[in-house]
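Once you have looked at the hints, place chain B on chain A.
The listed protein sequences correspond, in order, to chains A and B. Heads up, the first sequence is in this note's numbering, so the first residue is -14 and it goes up one at a time. Heads up, the second sequence is in this note's numbering, so the first residue is 3 and it goes up one at a time.
In case anyone wonders, no lab produced these hints; they're calculated from the structure. Keep in mind that the hints are not guaranteed to be accurate.
Each computed DSS-like pair below joins lysine-lysine, with the alpha-carbon atoms no more than 30 Å apart [unchecked claim]:
{"no.": "1", "chain 1": "B", "residue 1": "496", "chain 2": "B", "residue 2": "407"}
{"no.": "2", "chain 1": "A", "residue 1": "133", "chain 2": "B", "residue 2": "75"}
{"no.": "3", "chain 1": "B", "residue 1": "496", "chain 2": "A", "residue 2": "258"}
{"no.": "4", "chain 1": "B", "residue 1": "418", "chain 2": "B", "residue 2": "496"}
{"no.": "5", "chain 1": "B", "residue 1": "234", "chain 2": "B", "residue 2": "204"}
{"no.": "6", "chain 1": "B", "residue 1": "252", "chain 2": "B", "residue 2": "204"}
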Amino acid sequence: MADDIAAVLRGNRGNMAGKPIAPGRIGLMIGLVLLMLAVLVWFYPSVSDFKAENPSWNGARDFIDDFQVSPLDSFDALPGTSEETSLIIVPYVTFSSADLDRLEGYVGSGGRLVVLDDYGFGNQILEHLGLEVRFSGSQLLDPLFNHKNKNLPRMLNFAAVPATRGVESLVLNHATSLENAPVDRVVAWSSYFSFSDEDQDGEWGEGEARGPLPVIARFELSDGELLLVADPSILISGMLDMDDNRQFLQNIVEGQAFLDQSHLPDVPLDEAKAALRLTRGALATVWGMVGLILLVLALALRPIWYNRGGQDG
Amino acid sequence: MRKLTLLSLAVVLVASALGGAVVSGAAPVPHEDPLTAESRFNFVPPLLHYGDIFGRIAERDYENAIALLRELKIDFANLPQEIVFIMARYNELSAELTRTLDRLDAVLDGCEQLLSQNKLDEVAPRLDEAGGIIEGVVELLDTVGIATDEMLGLLAPFVSPQEAEALSSARARLQKAIERLRELEEWYRSRLETFEEEAEEKETLLSTELTLDLAPAQVWVGDPVTLSGTLKAEDVPVPARNVSVFLRGKEFTSATTGEDGSYECRFALPYWYTPRIAAQCFYLPRGDDKSGFTAASSELRTIDVLFHPTDVIVDVPDLVYPGLPAEIRGEVVSQGNTVGREVSVLLDGQPLFEAITDNHGSFRHQALLTGETTAGGHRLSVRVAPEDESRSAGASSDRTLNVVKVTPEMLVYPPKFVVLPRTVELSGRPLFPLSLCGRVELEGELRSPLPMQGAALTLEMAGVSATTTTDGGDFELGMDLPFKFSLVGFEELKLGLAPAEPWHLPAERRATVFVVNLVYLGIVVMALVLAGVALLVKTSRVIRRRKQSLFYPEEPESPAAVAGSNLPEVEPGLHDTRGLILEAYYSAVAAVQKLGRVLLRPQMTLREFLSQVTPPLDGLAGVFARLTGLAERVLYSHHVFGEGDTSLAQGLASELRKGWLMISRRF
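Chain A on its own, in the form it takes in the complex (with noise of 0.2 Å):
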């Protein structure tokens, strides 16, 4: 016995207790190590490109506050009626034919759609709306008008349209251009010494087209408006101020705007903040309002009910 109580000693520096640390304290110890993780993400911000809570260079923070613009995460959410709203995606992921026929739907019954691409799956909506017109996927250079380099190239030619108003030039991020947009369309071109560059090699090359290349073209679909931007860049928190970038957004968001976050990748962060979310929705619900009554019931009472156990032993 003695050397029992000699090597539980030993073993613990002298605990004098010797007993193993009880089941409910772990519990107790993970339970608020998961609780500090849940308030760390929940407060952590968001860095995800074009997302409406990332506050920094690359977020829409400024985007949604600035212009009274509403996240959408689901399609359902759209208002019944689509008139005198616009919708603004920035399709970083590909789209259901659900997704496709209700964003058809949209712009058929009067609604503004704006579609802000790149490298992205923006041609997949113009294919499903049977216009030619498309997102290049080359990128646009330009060596001489841009802001410090030619992955920032400055649109300087306008069509005189409302979109346009008050708009002397503006600059976009690694932007790509539009092919098989008629001209009349054509909102805005790139300048005389941009480029499309189709090889990737920083240079202009034989057979590469070159500029003015078209670069925000305007459509009218039914009774509704269909505007494309090949860069998705122009709305980051980083971009909102150079040149006339907000008078440009400031045209196009009218009336009731929202921005669609349901077609951008989601890294782990948001997926955990998703989850955060999901799990106070529930929370929030009736049942969930119950369960948590019980929990706080049950903790409340766990010492009178451990001092019954014993006493009653």
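Chain B alone, transformed into the frame defined by chain A:
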């Protein structure tokens, strides 16, 4: 417990430190931060572009040269400031050179045409002008050459070795284009000399003279007018020659000279309601005359035109509402006819309505602006067509039409607070059969000076909304609020009005309502009460035990009871000397803990405990030190203990317990 807490914190910290890497994901980034983007200049494109522009100029393609220059909006280029400045000046020079050469081209073309028509009087000053322009071109080319050298000199420090070759090629191309401009200047100079020689040769031609008379000098529109004159060559009449009559700068008719060189042209004055009409006649040699006569032009004469001037007075309302009729009226004033005159009215250049004047020359119309008409000032143009029959001129008047939309006045009386839940309802939802609801009731008034019908009134609060229609006046709007766990405190209430009429603007009112969620508050209060009760029960029990131990100390009945809950239980066998010594030690420790007010904690060594209890034990410290020594040997050595050691330990423990009893009884 402390170790676990530290471990937990470490896990959280590591998770947060790695968070950045995890959250950034693996998706390719299709942009860069413009603030931190690397700045790089490229001088080759503008140099190549200037080469292109000068190439076009050298080919006399001035239109495209100007178009290319317009593409070079140098203020927007990403170039060093000093280069932007010199390039802007270079742009101006290039533009001026292009414009000058274009003008020279036009002047020389004009000289060529005048020479072909034998208009020697007119060609001489134009040839002088062309000579002056060529001198200007020479100066400009010199300046362009200097500016080119200056610009290339300024570029040199900015050019990286990688760019040097491309830049050198662009420079060579530009300089070659400038050389071609020198050749162009020579070409123009040669052309001018050719024209000067031709003009000199034609000085031997007979000079002609053409006169022009008008009768009458004042003519009503539509009435006949006669133009006449004589064509002579050095005072000799020139018969059978065609004379062109120009009115307002355009050829109107022609006449042929008679034997005496005279001509006459009679025609009805067109219904041109303008006070004066310029008339001039020309003789241009044709066929064989080209080698015999110079061209001639008459003096410029003015025909005073008579007609009835007309005016229109327009009266429009101060404010006009889209979708509501507005009376636009006016009166045509003229000494000619004012009855049955055609009036057309345009809004921003688009036809709005047409009207005919009544017997008093007045018109009125209830104009209806479309619902899409935007608020603000619009240009209303009223045009009265001329009437040739009465020789009455037309008239027009522009007025500004102020189109406004009215925002209905919305008075809202929201409740100061709302209590949730108000009712418990059963709903048919499969997942949530039970729903707790609240209700908010809102009263208010809508006022508008214009008729209102079927306006949609939407109440939004806590993510839900309710809509009703109203025709203005008082309204009441209620809405069920869903139960929300977090719905407590101030909640914003938004009331939006979407009028059906185009003359109304949407309106919105916001108010703050304090929402009290009784269920939520109940949960919190209940949890707090339960936790408080549990704490009180536990605290009072501890206090009671302490009091009992301080004021009514008792001899422990068994070693285990003495040892207390923090000491291990030792159950030695009959001849287990090591166990008996430890049992004696722990029974002593129970007493020493109370004497010294120090607990033997699990992480303490026996020696640490001894050192902490030594000061308060005072005279008993030596006894406890000996006992501790025995216990340490039991625990940490292989020494074999005998009965004597057991007796010693038990004796020492007994002495310590007695000491504790004596001291405790003093209180």
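- Message: Check the structure against each numbered hint from earlier and tell me which ones fail, lowest number first.
- Response: Those not satisfied: there are none.
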